[in-house]
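Asker: Here is how the chains run, residue by residue.
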Amino acid sequence: MISPTSLSPIKTHRWNPYLVGALIGVLSILTFSLADKPIGISTGIAQAAGACAVPVMGAEGVAANTYWAKKAVPAWDYGSLFVVGSFLGALISSLMSRSFKVETVPTVWRDRFGPSVAKRLTAAFLGGVVIIFGARLADGCTSGHGISGSLQLAVSSWTFFLVMFASGIATAFVIFRRRRA
Amino acid sequence: MHTAFAFITGPGLLWAGLLFGIIFGMLLHRGGVTDYHVIVNQFLFRDFTVLKVMLTAIVVGGVGIFILHGHQLANFHIKSATMLAVVLGALLFGIGMVIYGYCPGTGIAAIGTGKLDALAGFFGMIAGAGAYAVSYDWIAANILPVADLGKKRLPQLFGGPEWVWYAGLALMALVVFTLVNRFHRHPIGCCTQG
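Protein chains in written order, with my numbering: chain G, 53 to 233; chain W, 41 to 234.
It is possible that part of the hints are untrue.
[As the list claims (entries may be wrong)] Using 20 Å as the maximum straight-line C-alpha spacing, the simulated SDA-like pairs for lysine to any residue come out as follows: (1) G:Lys123 <-> W:Ala181; (2) G:Lys123 <-> W:Gly190; (3) W:Lys191 <-> W:Tyr206; (4) G:Lys63 <-> W:Tyr206; (5) G:Lys122 <-> W:Asn182; (6) G:Lys153 <-> W:Leu156; (7) W:Lys192 <-> G:Lys63; (8) G:Lys123 <-> W:Phe116; (9) G:Lys171 <-> G:Ile227; (10) G:Lys123 <-> W:His117.
Quick caveat, the hints were computed from the structure, so don't treat them as lab data. This one's a predicted model, so the numbers in the text were calculated from it and none came from an experiment.
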């Protein structure tokens with residue numbers, strides 16, 4: 053599975069997916085036992101949204117919002133710094149493996165929808181709106197439900213996992229049906 | 041409940057969040073799941089990297105935390121099974137994931153690898169989370185209470201000994217891995233593997 057072009061694991065961009073999965077499992081064990089926290093991302097993004105809403109709604113407006121006051125307080129804490137860390141970790145990893153590359157329109161998208169940058173960025177923006185609204189409604193994303201919740205055998209998380217995959221499969225087949233073989 | 045190994049508390053939690061996040065971001069990148077093609081091809085059954093990473097993480101982390109929990113060394117953190125909200129949310133999430141091409145975590149990580157569409161989606165996520173916060177009072181009154189089963193785990197809902205559930209989970213993962221490794225079609229786009 054590991055690319056034969058380099059024997060150094062640091063410079064090899066792709067690692068075996070089972071190895072990566074096992075290491076994420078070990079990371080979960082560490083976050084649960086050492087910090088009493090599960091891995092999760094989307095609450096941190098909701099906290100960031102609260103910070104971004106301050107110039108729009110005013111600090112009082114944000115503080116008066118039930119969700120930002122109780123569920124996703126816009127502040128630097130374990131969860132919001134975990135999101136910052138995830139960005140930094142991928143940046144460091146892609147620089148170390150020399151796979152950092154500025155790219156706007158992925159090949160699969162271009163083959164199906166053409167090379168328009170505006171079209172891809174608009175779709176990504178709208179996809180981002182929909183995915184986070186779904187994640188907040190379900191109270192978790194692929195990390196918080198998909199990994200952390202599923203590994204605790206949570207009813208909510210397995211429901212999320214199965215329905216999310218079914219919805220993604222249906223959407224992918226509708227959108228990319230007329231693909232080139 | 042305070043557990044014996046949970047020595048990271050107070051301000052130390054900030055550093056722990058950053059450090060654990062860095063490791064998580066590195067692993068997402070090394071796993072290949074920060075790549076739009078890997079995510080989309082998973083939903084087209086042409087690349088099973090996402091499923092392999094997730095199921096292995098669930099089995100390894102699940103068994104580990106089950107054992108730690110049995111020795112009072114880890115707490116469970118279960119999210120409420122507010123079934124209507126979870127199902128509606130998951131439906132939206134699947135649609136958004138294919139159009140965005142990333143999930144919230146892999147999207148954040150993909151920005152770090154230079155993907156500008158992931159950054160556009162991040163601004164979308166900020167807007168979407170804002171929309172959710174603004175509509176939260178209505179949702180909390182009308183959607184969240186519908187079919188709320190509480191913070192339930194599968195063994196509580198369906199019965200059966202805990203270890204059987206974990207053994208079943210590991211067995212299911214092995215069956216899935218065996219099946220997907222036989223059933224291999226070429227991914228669309230470029231340069232994907234696994």
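Asker: State for each hint whether it applies.
Answerer: Quick rundown of the hints versus the structure:
Distance hint between G:Lys123 and W:Ala181 is fulfilled; the C-alpha atoms sit about 15 Å from each other, no more than 20 Å. Between G:Lys123 and W:Gly190 the CA atoms are separated by roughly 17 Å; this keeps the pair inside 20 Å, and the hint holds. A distance of roughly 19 Å separates the Cα atoms of W:Lys191 and W:Tyr206; the hinted pair therefore holds under the 20 Å criterion. Between the alpha carbons of G:Lys63 and W:Tyr206 the distance comes to roughly 35 Å, so the proposed pair goes past 20 Å and is violated.
Taking the CA atoms of G:Lys122 and W:Asn182, the gap is near 18 Å; set against the 20 Å cutoff, the hint holds. As the CA atoms of G:Lys153 and W:Leu156 are separated by approximately 10 Å, the hinted pair is consistent with the 20 Å bound. Only pairs whose Cα atoms come within 20 Å are accepted, and W:Lys192 paired with G:Lys63 is rejected, the gap being roughly 43 Å. For the suggested pair G:Lys123 and W:Phe116, the alpha carbons sit about 19 Å apart, so the restraint of at most 20 Å is met.
Distance hint between G:Lys171 and G:Ile227 is fulfilled; the C-alpha atoms sit about 15 Å from each other, no more than 20 Å. Of the supplied pair hints, the one linking G:Lys123 and W:His117 holds, its CA atoms being roughly 15 Å apart against a limit of 20 Å.
Hints 4 and 7, counting from the list given before, are not met by this structure.
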